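Required output: the full structure, derived from the provided sequences and hints.
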Amino acid sequence: MPSLLEVKDLEVKFALRMGELTAIDGVSFCLEKGERLGLVGESGAGKSVTGFAVINLISRPGYISGGQILFEGVDLAGLSAEQMRDVRGNRISMIFQDPMMTLNPVLTIGTQMMETLHAHRSISRKEAKAIALEKLKKVQISSPEKRLRQYPHEFSGGMRQRIVIAIALLTDPAMIIADEPTTALDVTIQAEIMDLLLSLCRAEGMGLILITHDLGVVSQVTEKIAVMYAGRVVESGPTDRITQDPKHPYTQGLIKALPGSLQPRSRLNQIPGMMPTLIDIPKGCSFHPRCTIREEICSQVAPLLLRLDEQDRMAACHVVSRIEGLRPKS
Amino acid sequence: MFLIIWGMALPQSSTVKMTESLTTPDNRLLTLKNVVKHFDISGGLLDRLRLENGRPVLHRTTVKAVNDVSLFIDEGETLGVVGESGCGKSTLARTVMGLYPPSRGEIIYRGKRIDRLSAQQMLPFRAKMQMIFQDPYASLNPRKTVRQTLEEPVVFHNRHISNGEVKDRVSQVMEQVGVDPGWAGRYPHEFSGGQRQRISIARALTVAPEFIVADEPVSALDVSIQAQILNLLMKAQEDLGLTYMFITHDLSVVRHISTRVAVMYLGTLCEVASADTLFASPRHPYTQALLSAIPKLGAEKKRHVKLKGEVPTPIRLPPGCVFHGRCIHADQRCREEVPKLRHLSTGSWVACHAVEEGRI
Chain A
468 MPSLLEVKDL EVKFALRMGE LTAIDGVSFC LEKGERLGLV GESGAGKSVT GFAVINLISR
528 PGYISGGQIL FEGVDLAGLS AEQMRDVRGN RISMIFQDPM MTLNPVLTIG TQMMETLHAH
588 RSISRKEAKA IALEKLKKVQ ISSPEKRLRQ YPHEFSGGMR QRIVIAIALL TDPAMIIADE
648 PTTALDVTIQ AEIMDLLLSL CRAEGMGLIL ITHDLGVVSQ VTEKIAVMYA GRVVESGPTD
708 RITQDPKHPY TQGLIKALPG SLQPRSRLNQ IPGMMPTLID IPKGCSFHPR CTIREEICSQ
768 VAPLLLRLDE QDRMAACHVV SRIEGLRPKS
Chain B
572 MFLIIWGMAL PQSSTVKMTE SLTTPDNRLL TLKNVVKHFD ISGGLLDRLR LENGRPVLHR
632 TTVKAVNDVS LFIDEGETLG VVGESGCGKS TLARTVMGLY PPSRGEIIYR GKRIDRLSAQ
692 QMLPFRAKMQ MIFQDPYASL NPRKTVRQTL EEPVVFHNRH ISNGEVKDRV SQVMEQVGVD
752 PGWAGRYPHE FSGGQRQRIS IARALTVAPE FIVADEPVSA LDVSIQAQIL NLLMKAQEDL
812 GLTYMFITHD LSVVRHISTR VAVMYLGTLC EVASADTLFA SPRHPYTQAL LSAIPKLGAE
872 KKRHVKLKGE VPTPIRLPPG CVFHGRCIHA DQRCREEVPK LRHLSTGSWV ACHAVEEGRI
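These protein sequences, in sequence, are chains A and B. Using the numbering used here, you'd call the opening residue of the first sequence number 468 and step up by one each time. Using the numbering used here, you'd call the opening residue of the second sequence number 572 and step up by one each time.
I should point out that these hints are in silico values taken from the structure, not numbers from a laboratory. It should be emphasised that the depicted structure is a prediction, and the values quoted were computed from it without experimental measurement. Everything hinted at is true.
Subject to a maximum C-alpha distance of 25 Å in a straight line, what follows is the list of computed BS3-like cross-link-like pairs (lysine-lysine):
{"id": "1", "chain 1": "B", "residue 1": "K715", "chain 2": "B", "residue 2": "K738"}
{"id": "2", "chain 1": "B", "residue 1": "K879", "chain 2": "A", "residue 2": "K604"}
{"id": "3", "chain 1": "B", "residue 1": "K879", "chain 2": "B", "residue 2": "K911"}
{"id": "4", "chain 1": "B", "residue 1": "K879", "chain 2": "A", "residue 2": "K605"}
{"id": "5", "chain 1": "A", "residue 1": "K593", "chain 2": "A", "residue 2": "K613"}
{"id": "6", "chain 1": "B", "residue 1": "K877", "chain 2": "A", "residue 2": "K604"}
{"id": "7", "chain 1": "A", "residue 1": "K613", "chain 2": "B", "residue 2": "K879"}
{"id": "8", "chain 1": "A", "residue 1": "K480", "chain 2": "A", "residue 2": "K750"}
{"id": "9", "chain 1": "A", "residue 1": "K604", "chain 2": "A", "residue 2": "K593"}
{"id": "10", "chain 1": "B", "residue 1": "K738", "chain 2": "B", "residue 2": "K699"}
{"id": "11", "chain 1": "B", "residue 1": "K867", "chain 2": "A", "residue 2": "K723"}
{"id": "12", "chain 1": "B", "residue 1": "K715", "chain 2": "B", "residue 2": "K699"}
{"id": "13", "chain 1": "A", "residue 1": "K605", "chain 2": "A", "residue 2": "K593"}
{"id": "14", "chain 1": "A", "residue 1": "K475", "chain 2": "A", "residue 2": "K500"}
{"id": "15", "chain 1": "A", "residue 1": "K723", "chain 2": "B", "residue 2": "K806"}
{"id": "16", "chain 1": "B", "residue 1": "K877", "chain 2": "A", "residue 2": "K605"}
Computed Cβ-Cβ distance ranges for the label pairs, DEER-style:
{"id": "17", "chain 1": "A", "residue 1": "G672", "chain 2": "B", "residue 2": "G625", "range": "55 to 61 Å"}
{"id": "18", "chain 1": "B", "residue 1": "Y758", "chain 2": "A", "residue 2": "S526", "range": "26 to 32 Å"}
{"id": "19", "chain 1": "B", "residue 1": "G615", "chain 2": "A", "residue 2": "K500", "range": "57 to 63 Å"}
{"id": "20", "chain 1": "A", "residue 1": "Q778", "chain 2": "B", "residue 2": "L811", "range": "46 to 52 Å"}
Partial chain A-side listing against chain B, Cβ under 7 Å, derived:
{"id": "21", "residue": "S510"}
{"id": "22", "residue": "V654"}
{"id": "23", "residue": "S686"}
{"id": "24", "residue": "P726"}
{"id": "25", "residue": "R734"}
{"id": "26", "residue": "L735"}
{"id": "27", "residue": "Q737"}
{"id": "28", "residue": "I738"}
All C-beta atoms in this analysis are idealised placements derived from N, C-alpha and C, irrespective of residue type, glycine included.
Written out as C-alpha cells, the structure reads:
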C-alpha cells in the first residue's frame, strides 16, 4: 500500500539572471494516511518552498527541476495544469499564515465557500450551502448561518483562520498543508487553532504537513518531523525522539537556543553566524561553517541523509554517521 | 513622605497601592502612578455625526489603550511586560519614554516627574532613557549609513565632543554589539534582521543610558538569532549596569530574561510578580490561561486552559473587570466592580476579586 505522499529527491531551482540557484536540494520524506508531519526550520531553510512545490504552486522563475512527488501513487510533478487543478484545493488543501491571503475582502464568506465547492463539485446551491454550514460548525464557529453573510473584516484574526480551515475542509481533502498557520496569532488563540487542527486530523483521518519554525508547536501537534537547513533535510524522525534527543548539531543548537530549555537568566546557547543565502551555500555540508563538531570531510563532501540504528530516524551528518557506525543505504 | 503629601493614611490591609507601600528606596529608577493613555479616534465632524432615535448626536470614539497602570522599576531589574496583541504594552512603553504624553497619571524618574516636561526640560532624561523597537527594518533610517545613525545621538547629547571622540565612540559601541566597525559605512539594507537589531541596540547604547525600554526586540528574529540578541542584552546589562523594561508576547523569552513580570490585559495590569513566582504559581485566571497556552517542547501534551469568547475591543471596554467576559470564575461583582491590585503573601500583586475572596 503506497504512502499517501512520498516526496523523493525533490529539487527546486530558481532561474535568475545571475545563474541558477538551488532552493531545494534533494529533499525526501513521506506521509502516511492520517499522519502529521512537521517541516521545521528557520527563515530561508526552504520549508515553504517545499510545501508550495508539493502542490505545484512554484511560479517562475522557480521550477521543479528534479525528483518525484508521489501522491496516492501518482507523480504530481508530471501532471498537466488541468490535472493539477483537480488535486490542488480538492484532494490536497493548503492553509497560509495570513488568512487574508485566502480570503477575498470584497466577498462574503458564504460566496467564497460556495465558489470553492462549485469549482470542484457539480452540486446544487442548496447542497453547497449545507456543506459550508457543516464545515463552519466543524471548526466551532458559532451562528454559522449568520457568518455566511458576513465579510472577512468583520472577524478577528483567530476567527478568520478558522474560516480558512473550514474552506480547506470543504472538499474533504486527504491532506492539508499548513504554512505557519498560527504565527500571526496570539498564543492563546494559537493553542485553540492547533488543538482544532489536531482533532480534525484525527477525526477525519487527514494527513497534515505543518510548516513552522516553532519547535514548541510542532512538538504538540506532529508525530514526525523533518528539520530543514539551507534547502536540505538534515534530520528526520519521530517528533518526541528528535526533540528530546536530537542528533544533528543544527537540531541540537536550535533546541538549545530556545529560552524555555535552560535556567532563567543564564546564557542561551547560540549558533554562531547565520543560515547561508542561496548564492552563498558552502561546499560540502551547508552547515559546516557554523558547526562546533565539524571535521575536514565536512567542508568537502555533502553528507547523505542516512538511517540511524533506531526506527525511522535519519540524519545527514558525517560525524553522526561515524559515531553510529553507518553505511549509505543502497 | 508620599503618604503625607497625598494626605492618605496607609491602610494596614494588603490593599495598599503598590507604588506607595514602601518608602521609596534609593535605587528606585522609575515609578508609574495611575497612568492612563486614551486615543481619541473620533475623526472629523461628519465622522462623529450619528442618528439616534431620529436626532443627530455627536459620538466620541476613544481607544482606551492603557487604563490606570501603576508600577515601579528598580535599578538593575528587568521588568518583563507581557500580554497579547491589543493589551496596551507597546503604548505603555511609548508613554514611559515620553513619546506620548499620558492622558492622566504621573511618570517619575529618579524622584522627578517627567510626564509634563517641555522638550528642553526632557533633554537630560533623554540620554538616560533609550528605546529599542521591534521591527529591525523600520527602525533604522534607510538613507543614513550606520555611522551616521550612530553618530547622531552622540553629537546631539555632547555638543562639544571632538570628531575623533565621536568616531571612537561609534567603533566602541559597534564592537560591544558584535558588528564589525569596518562596516560603519554601509546602509541598513545591507544587513540582516539580526544585525540591524544589533545596530539598534548600539544606537541605544551610544549615549550611555541607564534605562532601556525594549519593545519586542526579538519577535521578528529566528530562534538562533534571537538567542544571540538576548545574550547580548543580558551581557550589556551586566557590563553596563542597565535596567530594562522588556515588552514581549513571548512567554519563554520573558521567563528567561526577566527578574519581575507584569501581565497586561486590555490596558489593565492583572498580575505583577517576580518571574520565578509568576511562572511557578500564577494566580490571576488570565495569567494561568496564558501560561498554559505556551506550546512546550516535550512528550507530555498538556491541556491548556480554554478561554470563553473573544478578546473585546479597547474601544468598548467591558464594565467591571476587563477580563470577566472570558473568565470562568466571574460573578456579579466581577461584572460591576473593577478589581484593584492586591498584595498576596507570596509577594505577587493580583487584580482579581475571586483571588481576593479566596474563591480560587
